[in-house]
Amino acid sequence: MPYIYDRIISVMKKEIKLISNVNQTTDEIEKAQNKKFALAGKINMKMSPIDSFALDAALIGVKSAAANSIFSFSRNMGKAFYPYITQTLPVVVNHFEDHMKLIRKKCLKSVNNMVMACQNENDCADILENSLPQMLESMNCRIKVADNNELHYIWKHLLKSLRILTGPVLSEKLVADIINQAAKTITLCKELKQKVFNQFGDIDECDEEKQDQFQEEFDTVNQLMEIVMDVSVKLLMLYGDKIEGLLGNGIAPYYYDTLKNKDAHLKESLYSLCFFDTFLEYCSNDFFNKAATDLMSVFVDFSKSFEDPFVLQSAAFGIGVIARRMDTNTFSQAKEEILKVLSAIVLDKNAYSDEDRACATDNAVGAIGKIALFHGLPNDKLSEDILSKFLSLMPLKNDCTEAQAIHKMLLEEIANKNKFLSECNQEIQNQLINALENIKKEATNNPELEILDDKGQQLLGNIL
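Heads up, the sequence shown is in this note's numbering, so the first residue is 1 and it goes up one at a time.
Keep in mind the hints are simulated off the structure, nothing from the lab. Every residue gets a Cβ at the ideal spot worked out from N, C-alpha and C, and that includes glycine. Keep in mind that the hints are not guaranteed to be accurate.
Derived CB-CB ranges, DEER-like [said to hold, decoys possible]: (1) 248 with 171: 44 to 50 Å; (2) 68 with 97: 15 to 21 Å; (3) 441 with 301: 35 to 41 Å; (4) 97 with 305: 43 to 49 Å; (5) 61 with 4: 16 to 22 Å; (6) 379 with 289: 45 to 51 Å; (7) 392 with 194: 45 to 51 Å; (8) 68 with 144: 26 to 32 Å; (9) 301 with 171: 23 to 29 Å; (10) 133 with 441: 48 to 54 Å; (11) 174 with 356: 48 to 54 Å; (12) 209 with 61: 20 to 26 Å.
With these hints in hand, go ahead and build the complete structure from the sequences.
See below:
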């Protein structure tokens with residue numbers, strides 16, 4: 001293996017030289033051909049608006065095979081590839097801007113495999129510190145030529161590496177550079193969307209074929225909005241309020257304007273809701289207090305429309321995020337309207353009609369639970385009714401992520417002797433025990449639903 005792999009690396013290091021320029025004379029082209037570069041062995045590639053070049057196809061083929069071999073070895077060997085990272089990483093990074101798209105893509109994918117092969121997070125960070133700067137520079141090249149497809153491809157693989165991380169191990173400078181590049185990507189996304197709108201004009205006046213074409217082109221561009229949202233969410237989960245200023249100034253305004261735009265497309269609204277769901281969950285108290293009241297009204301408005309279950313789910317989740325963090329005096333001003341909206345979601349005849357709608361309902365139940373546990377008032381009939389309603393809907397079992405979070409939240413509040421819970425009447429106490437028994441029964445009988453994480457199982461075991 002070492003000898004074979006060394007040979008692969010040596011092939012990757014070979015430089016593919018430019019053979020001819022379209023502006024060359026016939027004699028110059030013939031001289032290139034006389035160097036055993038036959039016409040059939042040349043590939044014309046557009047390198048810039050001005051120049052086209054012919055490249056050595058034979059070497060391109062060999063290097064493409066070498067890049068594919070590196071990718072295959074790094075993927076199939078898993079953790080066993082770790083010893084080869086040191087010699088491999090500089091080579092693949094140097095090919096992020098290779099002439100051939102196939103080589104560029106294989107090298108990006110190989111970096112993901114190397115991150116997966118690492119023994120610990122510090123090793124992962126070393127790889128990313130030494131590869132992401134060049135990856136970000138590759139994005140710059142794609143932005144300059146408005147190549148949204150390959151730009152999205154690079155972002156996708158950057159995100160794949162970030163998702164492996166569980167802690168804030170990247171340098172502040174690198175994180176700032178990622179966010180700055182995300183802001184540039186959003187700017188390009190806006191420009192490309194406008195071009196699509198200008199191209200098709202009033203889409204309502206177009207025939208069905210034109211409308212389908214518009215939707216296809218719009219979705220292709222809009223994927224940049226989605227990937228930037230995904231990257232932002234992951235960075236927020238890792239760095240929280242340390243990056244809120246960068247995100248708040250560079251990216252958040254675009255998503256906020258989208259939420260306020262009555263003509264925004266459904267997916268644009270969805271990505272914007274998802275962005276602020278996470279932003280509000282992880283930002284500092286100062287940022288939260290500035291934004292929460294305004295965004296609460298936005299979440300409530302979106303929760304009144306049952307047009308799309310994913311939008312409904314994100315809006316209901318956002319209400320829950322705010323309910324958990326907002327002080328009771330401020331929250332009480334909108335509490336009645338919010339409960340009506342959430343109850344309408346839960347009581348709707350289609351609340352559990354299909355998997356997607358059921359997940360939205362679970363998030364609405366979770367929001368009701370947060371209102372009950374964090375805004376319940378002792379000796380208050382309405383507060384007890386809210387808690388009773390929440391407990392009667394236990395366990396959640398459609399959205400496993402929300403189910404785990406809400407069940408654990410309830411168990412933690414019991415363990416922490418939540419004041420409102422501990423002072424409820426005996427009827428509510430009995431209902432609470434019944435809810436816990438139902439959660440335990442569901443988790444035991446249907447473990448594939450994964451309604452409890454490890455911490456939740458431990459807490460439940462301590463109580464029952």
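Checklist entry - So which of the earlier hints does this model not fit? => result Per hint list: 1, 6, 9, 11, 12 violated.
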